[in-house]
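Peer 1: Okay, here's what each chain looks like letter by letter:
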Amino acid sequence: MTDSPERARISPDYGGRFGYGFFHILVRLLGVTPAYVFLAFLIPYYVLFRPKARRAAMPYLNRRFPERGGIWRFFAAFVYFYKFGQVLIDQGAMGILGPGAFRVEFPDEEELYRRAGSGKGLVLLTSHVGAWQAAMVNMRALPVPVHFQFLRQGHTEGRHFFDLAGESAQFRIVDPTGFLGGMVQMTNALHAGECVSVMGDRAWGGRTLDSEFLREKAPFPIGGYHMALSTGADLVALLTVRTGKLAYRIESHYLTDALEAGLPRDEAQRALLARYIEKMEQYVDKHPFMWFNFFDFWAGGQENSRQ
Amino acid sequence: MALENELKEMLVRELKLEDVNPGDIDENEPLFGDGLGLDSLDAVELVVLLQRHYQIEIKDMDEGRTAFTSVKSLADFVRQRQGES
Chain A
1 MTDSPERARI
11 SPDYGGRFGY
21 GFFHILVRLL
31 GVTPAYVFLA
41 FLIPYYVLFR
51 PKARRAAMPY
61 LNRRFPERGG
71 IWRFFAAFVY
81 FYKFGQVLID
91 QGAMGILGPG
101 AFRVEFPDEE
111 ELYRRAGSGK
121 GLVLLTSHVG
131 AWQAAMVNMR
141 ALPVPVHFQF
151 LRQGHTEGRH
161 FFDLAGESAQ
171 FRIVDPTGFL
181 GGMVQMTNAL
191 HAGECVSVMG
201 DRAWGGRTLD
211 SEFLREKAPF
221 PIGGYHMALS
231 TGADLVALLT
241 VRTGKLAYRI
251 ESHYLTDALE
261 AGLPRDEAQR
271 ALLARYIEKM
281 EQYVDKHPFM
291 WFNFFDFWAG
301 GQENSRQ
Chain B
1 MALENELKEM
11 LVRELKLEDV
21 NPGDIDENEP
31 LFGDGLGLDS
41 LDAVELVVLL
51 QRHYQIEIKD
61 MDEGRTAFTS
71 VKSLADFVRQ
81 RQGES
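Taken in sequence, the protein lines are chains A and B.
So for the first sequence, my numbering puts the first residue at 1; every next one is plus one.
So for the second sequence, my numbering puts the first residue at 1; every next one is plus one.
Extracted from the complex, chain B is given alone in its bound form (with noise of 0.2 Å):
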């Protein structure tokens, strides 16, 4: 839940959200459109993130659509890329 927790704490400072707590954040709650509301150019900034802090690289458009489907869902995408490096 540590990572979870980061990761939310991270959505609303750099992406600045306007009031959203970040404990508020459901992690099962969609990120994009419904849910949370990020947009394509809030993805921008999560692929430069997931570089900056994590040293992430986002492959591809499938990759994507499933890392970025939740809190959650990124979470277990970056656990399972830094547990290949």
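If we strip away everything but chain A, and leave its shape as in the complex, we get (with noise of 0.2 Å):
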């Protein structure tokens, strides 16, 4: 394990504030089809002449499609941003057009209700996978409140999310570069019996545990791992898939069920990780233009016995 520093990220520009402002007038004025059908046209410029926002996506398609040349990871690139577009087209509607616009399907969403109003504590580890946002939107209802660890980025993922999300009690972000990373408030949630959300595939600069994803070694955060092994929370992975125009499909898995007893901390939380990368594996392998971490991944850290 690694304390490691949180690590340069080549993020994609998505248009700026100007391009921002241009998707919301179009979907506020005309709705979310004219905006994918501009955002056909606009991809080619970004795979094209942005070489920086193309570099962004190849360590994540050069480990996903080994077996394909450059050639046609090059123009999956045109698909993978174009998907992702798509993403976020849908996160701004989410802030214009109300949740009620969206057709979200959770098949366990009961059980997670149990889970939460349990007064164990619950942790919600989501992932840049589909949109987590539309995953949260569900999460309104629940009977304790929602604490998220959750860096705002400007005019960037979430923001509407959140803005929409101010409006709910149940609602608290954490930021994640306030103290000690948030990590007090968070754990006193759990011991309170309440939820809190962390992301299981990007660290913000706290310990990391190398394994190995898409055959290679790679720095996950372990936050949520520690704070369920540490209060006795339950932890589920919730992974959102894309279904169709403003169509989210939540799936859950519950990692901490059935874990073996006694384990020390250290084994538990490979454990739990190994599920956590066993669904993630599944998930790229179903949707592969779906998992949205811009940067070079795999690069990292070193292990350190540390716990």
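No lab work stands behind these hints, which were simulated from the structure alone.
Only a predicted model underlies this, so the values are computations on that prediction, with no experimental measurement involved.
Misleading hints may appear alongside valid ones.
[What the hints assert, rightly or not] Capping the alpha-carbon separation at 30 Å, the derived lysine-lysine pairs in DSBU-like fashion look like this:
#1 A:LYS83 with B:LYS16
#2 A:LYS245 with A:LYS52
#3 B:LYS72 with B:LYS59
#4 A:LYS279 with A:LYS83
#5 A:LYS83 with A:LYS217
#6 A:LYS52 with B:LYS59
#7 A:LYS120 with A:LYS245
#8 A:LYS83 with A:LYS286
#9 B:LYS59 with A:LYS217
Fit the two chains together into the complex; they arrive one by one in their own frames, and the hints show the way.
Peer 2: Okay, here's the thing in structure tokens:
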């Protein structure tokens, strides 16, 4: 395990304030379909003339499609950015059209509500797949507050959702760059039987554990596993899939279920991480253009046997 | 000083601080970052340990920031909260 510094991240430029505003007006006036169409014309510009953006996609595409050649992956970037753009438009539409405009299919919703209300505390492990904000729309009716570890990044991801979330007393935002990454607040929340939400596939400079993902070692954050194991809370991985126009499905995987009792902490963390990676690999196998981590996720630290 | 020593031993034992002798910890040394070198996940353990051993809750981040400065500040915090109960 290592306590790695925040790694340099190549973030694709989503079009800046002007682009964001343009799509905002387009969705407000004409709906999402014209925005998807316009997006199709915009993507070639990004792939052909914004090498920084294209390079940001390649660490994942190279590992997801190792059997394919460079030219194939170059063209795959068009599809990848288009899928990402659709999700960004959907996220914006959530704020503009309201959550009611979305169709969210969540087969295990009742189980999630039962666990959230059990008093044990519940860690929601989200990932950069589909639109995790779509999953959060369903969390507004949870019986306990949800504390999100979330870094606001100007006009980018999640803005509209959290603007919306601000209207609900159920949502509390935890700044990962704040005191001790907000861990004190989140641990207290779990002790109080509430929910916390952390990312399973992006570290905010905290401790990570190296494990193979798509056949190559990558550093995964372990804060969620650590909190669940320390407090006795359940941990559920929530993966969202875009299934169509403003339509998403949420998959839930209870990673702490049937975990062998009495495992040393580091072994228990590794077991939980292995379960998470198994679900993630199954996910990207089925939905190859739906994991949106635009930086070299595999570039990372070295093992440290602390704990 | 008894509480300070108890806390030092608890930190080394429960946080599994290898190569650290409780007696060598300066009670004014920062717990996090430079100093003892604890990190945010150790903070999770500390919050849990304070609850388990002393039935004390860190109410918010401001309280945590004060209490988690050093072993001495942690001991002062425990004494204060125990005195209140």
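Peer 1: Compare the structure with each hint and give your call.
Peer 2: Hint by hint, here is what the structure shows:
1. A:LYS83 with B:LYS16: violated, 45 Å
2. A:LYS245 with A:LYS52: holds, 29 Å
3. B:LYS72 with B:LYS59: Roughly 19 Å between the alpha carbons, so the hint for LYS72 of chain B and LYS59 of chain B holds.
4. A:LYS279 with A:LYS83: holds, 21 Å
5. A:LYS83 with A:LYS217: holds, 26 Å
6. A:LYS52 with B:LYS59: This hinted pair is violated, its Cα atoms lying about 44 Å apart.
7. A:LYS120 with A:LYS245: Measuring from Cα to Cα gives roughly 36 Å; hence the hint is violated.
8. A:LYS83 with A:LYS286: holds, 14 Å
9. B:LYS59 with A:LYS217: Roughly 38 Å between the alpha carbons, so the hint for LYS59 of chain B and LYS217 of chain A is violated.
Consistency note: the structure conflicts with the earlier hints numbered 1, 6, 7, 9.
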